[in-house]
Each structure stands twice: as structure tokens, then as C-alpha cells.
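Chains as they are written, first to last, in the numbering used here: chain A, 1 to 375; chain B, 1001 to 1269.
The set of hints was computed from the structure by calculation and includes no laboratory data. Don't take every hint at face value.
What the simulated footprint calls covered on chain A by chain B, stretch by stretch (three residues with Cβ under 8 Å from a Cβ of chain B suffice, anywhere in the stretch; the number is not a length) [to be verified]:
#: 1; segment: 61-71
#: 2; segment: 161-174
#: 3; segment: 272-280
#: 4; segment: 295-302
#: 5; segment: 346-357
All C-beta atoms in this analysis are idealised placements derived from N, C-alpha and C, irrespective of residue type, glycine included.
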Amino acid sequence: MTTGKWLLAMIVTLMVAFPVLNTAQETRVGGELWNRWTYEIGKSAVDSSNVLRNNYFALERGYLDIRTKFSEGTSTRFTVDMFSTDMAGFSDGAGLKLKYGFVDFNDITPIPDLTITAGLQKVFFGTIYDWNYTLIGKSPVGEYKISSSADFGLTANGFLPDGWGEYAFGIYNGEGYKVFRRNLKDNTDFAYLANLRLTPIAGITVGGSYMYNTVEREKKLTDNSINDKYQQQNLMAGVARFAFGPLDLWAEFLSKDVKHHTNHSIKDYTATGFMIMPIVSLYKLVGTDIQVIGRYDRWDQTDNAADKYLRTDLIGGVNYTFVHDASANPRMQLQLNFTNRTYDEDKSAASYANQMKDVKQVMLQLKYRFSATIK
Amino acid sequence: MKKINLIFLIIALSAVALTAKRNQVTIAGSTTVLPIAQAGAEAYMDKYPTVNVSVRGGGSGVGIAALQNGTAQIAMSSRPMKSKEISACKSKGINPTAYVIANDGIAFITHKSNRLKNISLAQVRDIYIGKITNWNQLGGTNLPIVIISRDVASGTFEVFNDKVLKGAKVSGSAQMLASNNAIMTTVTTTPGAIGYVGLGYVSDAINIVPVDNVRPTEATVKNGSYPVSRKLYMYTNGKASGESARFLSFMQGAEGQAIVKNQGFITLD
Chain A
1 MTTGKWLLAM IVTLMVAFPV LNTAQETRVG GELWNRWTYE IGKSAVDSSN VLRNNYFALE
61 RGYLDIRTKF SEGTSTRFTV DMFSTDMAGF SDGAGLKLKY GFVDFNDITP IPDLTITAGL
121 QKVFFGTIYD WNYTLIGKSP VGEYKISSSA DFGLTANGFL PDGWGEYAFG IYNGEGYKVF
181 RRNLKDNTDF AYLANLRLTP IAGITVGGSY MYNTVEREKK LTDNSINDKY QQQNLMAGVA
241 RFAFGPLDLW AEFLSKDVKH HTNHSIKDYT ATGFMIMPIV SLYKLVGTDI QVIGRYDRWD
301 QTDNAADKYL RTDLIGGVNY TFVHDASANP RMQLQLNFTN RTYDEDKSAA SYANQMKDVK
361 QVMLQLKYRF SATIK
Chain B
1001 MKKINLIFLI IALSAVALTA KRNQVTIAGS TTVLPIAQAG AEAYMDKYPT VNVSVRGGGS
1061 GVGIAALQNG TAQIAMSSRP MKSKEISACK SKGINPTAYV IANDGIAFIT HKSNRLKNIS
1121 LAQVRDIYIG KITNWNQLGG TNLPIVIISR DVASGTFEVF NDKVLKGAKV SGSAQMLASN
1181 NAIMTTVTTT PGAIGYVGLG YVSDAINIVP VDNVRPTEAT VKNGSYPVSR KLYMYTNGKA
1241 SGESARFLSF MQGAEGQAIV KNQGFITLD
């Protein structure tokens, strides 16, 4: 994005924000910034041993968040993500994305604790909507591109009485918040979502999500040829969490069932995977807010003829939180992660052979959050 | 021999540290409940000198989050916990258990010079949403009404919203203040002001306005005739145990309830 466009975006944002904030009952401004160093080694096509692939600093996330409460029944959230990037298309080495822009209606139905949310909002699927980035990397849902973390939509989301859990039903645009311009389809096929999490006993949470989505609207193109990109996706996630004392164990199972046009040459496929992530807090042992985290991922896409692979990730991490808010939530945190990603040569396509896409990665991240009620 | 001494020293120090931790009670949350907890903590520590009870405010939401994050053993709240908060606690392995320690009425207060004798809940609502803007609309003098409210994050506001506003939006001209004390100070010094505070904060410096001809008193709160009353809570993780259980038992017992009364709140009996 050019400097002129940045300036224009900021001016438009402020022009919209000021009249809105002025009528609000309460306005809260917050933000979150992730400064990250990434060091990555792997094999290149001409080398038999590991070489340096990446070694860079970046502001991976720069969220600016404005939350307004117009009444007890109506509130809004507006979040932009300003980030530095090496991605193509960002000539300034920086980018700007609108992450959230939604309105919550809390009291338009007689059902207690039910919120109707309209606009660009969270996708209540699997672990992606409450992924807390205890490790630096994305949730499995985001990592394996099962669903976007935010999308335009209309959802009914709420909590069951007495802390029994939460639920969500929604209709989304289905493309995610990152899709833009010519990549946009004409938005007539929606994604449909249902999510349920139950906590029958304190410390034990189980749940599941289902989403039906399509990629591209038309099965056939205008010249009546088959649209190769068309997909029908049945997406499922099972989530379990066990939290007892210093241990917080997360587990997630994912399934992505993809169907193409009946006459399409590429066969339909189902990909599955799971994650296990134990988090151990050392606070009570050492008196400092230190967490030790492990994560094991396995993603099996060997049924997908177009991109066949079996991937395993082993991640270890340490978090040191040295600034907290009044409720002991992290405000400033240092994170160190090591990732070892490997692809099974026997079960993956030729492009994954000779460990060509295996990665060993170290990431060090300083993350900080702030928020203040300005009205 | 030196090694044995060192081991003994480490064991002794560990035992002291462990005992000190056992005798520590950490309380956080509601600014309404804060004076009760502070006075209760002082009396409790006088009675049990080896125990340290630390109390801090922040608001009901802050206390509940502190319980959830394990940094407070007891969360003070001037409202019942919300489903969302209970759910967040339970998923982290925290099982919030409520202990009622006092009753309270939310008193509507005006400047001492304002001689308003009665107000209906509907009129209070109309003032706070900006429909009634001058005291002469209620039979008083020609004086603009200055609306003073608690900030929307407070438990007191949530009870006020639930029982009076019923979800309507507070007028944009309202001053949203962060504590009961701030409300008292502002109403005391502003002739046209109206505000609301927990009963424990009222004093002779202001005028308490009866609601629908019912004055907030111990009797009217207890018999339910005063329409804007509530319970004040302390929450623990599961059934209270150890020093927390002893402190809560103290607060609910005769000595604790005497403190509740001294602080101007309504006892449980």
C-alpha cells in the first residue's frame, strides 16, 4: 500500500470513527503488537545439507481496536491490522487489513445471553475463534486452511446457563477477510456454521463445529466448461480441553471433505488432522508467570491428488509474561518457539521428497497489549 | 555436617514459605463490596495475627477475572456472575462458588438543597435516558438535571441497568464515574445532580430520594419492598477451603455481619 493510500485509509477511518464515538456510551481503545524475529533453515534444491532460508524481523501483527458500547444491548467492534510483510503486492513492505467490523445486539431476542452479531466478525469454528496464541503459530484451523479466522456474516452466538458452555449458528460470506478485489466471487453461495462447546465439569470442555462452504460460486464457467476451482467443502472440528491446576491441555481433530464438479478430472478427497497442545504454568512453582508449551500436529492430505502430503509438526515453546493488567491477564509477553516440520517422503508427492520442504524454525516474539477507556 | 545443616535450612525455609502462603488470603473485585472486605480483613487479622488478608478493588469484572486467572482466592462482586464469566472460569478449571455476604439497596441521591420527596422508577429511567431534563418537570425548581452514573463496567451499573434502565441507553450528557465515592463527591457539590450509590456510601451530605414512596432502609431491602436491591457476593474456586473458608465463615457470622452493618450495608439475617 502506498503512503497516499495509507493516509487516505487513516483519514476515512477517523472521519467514520469520530461521529460514532461521540454518540457512544462507552468507548474503549486497545491494541496488540507482535514484534517477531524468525530464523528458518531447511534444504534447498541444490544443497544436501540445511541452509538458511529466512532470517528477518517483522511486526507481524499491529492490531488497533476500537470497541464502543452504545447501550447495554448494542455494542460494536472495529479492528484494523497494520503489519510489516515481505509478501508480494506490498511494495512498502507493509500492509493494512480490516480484521473486524461488527455490531453486537444483545437484547433483541428474549433468549438470555444470546448475541446477534452482524458484520465482519469471528468465525466460530474449532479453536480458531478463541485461539490465544499461547504458541506463536496459528491454530490448526488457520494453519491447514480449514477456515478463515474472520468473515462477513450474521451469527447467533451465546452462552448456556450456569456455565454449561457456548454455542453459535451463523451464515457467512465464506471467503474470509483476506480475499479482495478480483479474487472476490459474486457472493451468492454462503457458508453455514454450527458450533457447540460444553463444559459439564469445571476443567473439562468438549465441543464440535460443522461448516458447509463452497469455493467459487459456479460449477461451470461462462463458456460452459467445468470450473476447476469449484469445491464443496464439509468441514468438521472436534475440540477437547482439560484444565487442572497448572496443566491446560488442548486437543483438536479436523476433517476437510472436498467435492469437485462431478465431471472434474481431479478426484474428491478428505483430509484429516489433529493437534495436541499441553500448556504447563510454572507460576506456582517459581513465582513468575512462565509457561512451557508443547504441540504435536499431524495433517494428512494424502488423499488429495493435487497436493498430496503428510505433514508433522513438533513445536516447543516458552512464554514469559512480565507485565499484567489488574486481572492478571498478560500485557507484555516474551515468546520463544522452536518448530520442526517434516513431510513423510513415502506418503507425500515428489515435490516433498529429500526433505525439500522440511523446516526447522526459531521464533522470538515480544507481544504487548494495551487498552484504555477513553469515554 | 555442613550439607546436613544446609538441607535442614532449606526444609525449614520451605516450610515457612509454605505456611506463609497458606495463611494468605487475596481478595479482589467490586468497589461496592470493598469497604466491607477491608473492614472485615482488618478485624480478621486482629483476631488471627498470623494471617494476612490483602484486599484490592478494581470492579466486579476485574475480581472475577482475577479469580479466573488464579491471582485472587476470593472475588468480590456486587452482581451475580454472568453465564459468559462462569463458562470462561469453568473451561479454565475454575468452579466459581458464590457466598452471599450482605444485602444492599441502590439509593438514588440528589444534592442536599434538592427537596424532591419521591420519584418513580419510570421517572428515574426517563431522567437517565434524557427524557426529563429539568427538576421543574418533577415539581421542583427550574434547574437543569445533571446526570451522574457509574461507568458501564461496574456491577452497580449492571444492577441499575437491569432494574431501572432495562437496556435503554444512558443519555450522552451523563457523567460516568468510576466509583461510589466519586458519585457521592460529585452529587454533594453539584446542585442539579442525581446519582445512585450502594447504601453503604450514603451520608447526611446528600438527599436520599424514596422510590415509589419506599425509602431504602434495612427493613425495606430485607422485605423486598424497595425495588432496587441486590445481594453482595464473594466467589471462590469450588467450595471454600482453608483460610478462605474461615474468612468467609467469619464474614457471614456475627462478627462479620456487625461489620456489614457498621459499613452501612444490610445484614443477611
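We went through each hint and held it up to the structure:
1. For the segment 61-71 of chain A, the proposed coverage by chain B is satisfied: 3 residues have a C-beta within less than 8 Å of a C-beta in that chain, meeting the threshold of three.
2. Proximity of the segment 161-174 of chain A to chain B, defined as three or more residues with a beta carbon under 8 Å from a beta carbon of that chain, is established by the 6 residues found.
3. Only residues whose C-beta sits within less than 8 Å of a C-beta in chain B count toward coverage, and the segment 272-280 of chain A has 0 of them, not enough to reach three; the restraint is violated.
4. Restraint check on the segment 295-302 of chain A versus chain B: 0 residues with Cβ-Cβ distances below 8 Å, three needed, restraint violated.
5. Under a criterion of three residues with beta carbons nearer than 8 Å to beta carbons of chain B, the stated coverage of the segment 346-357 of chain A fails, only 0 such residues being counted.
In summary, the numbered hints that this structure violates are 3, 4 and 5.
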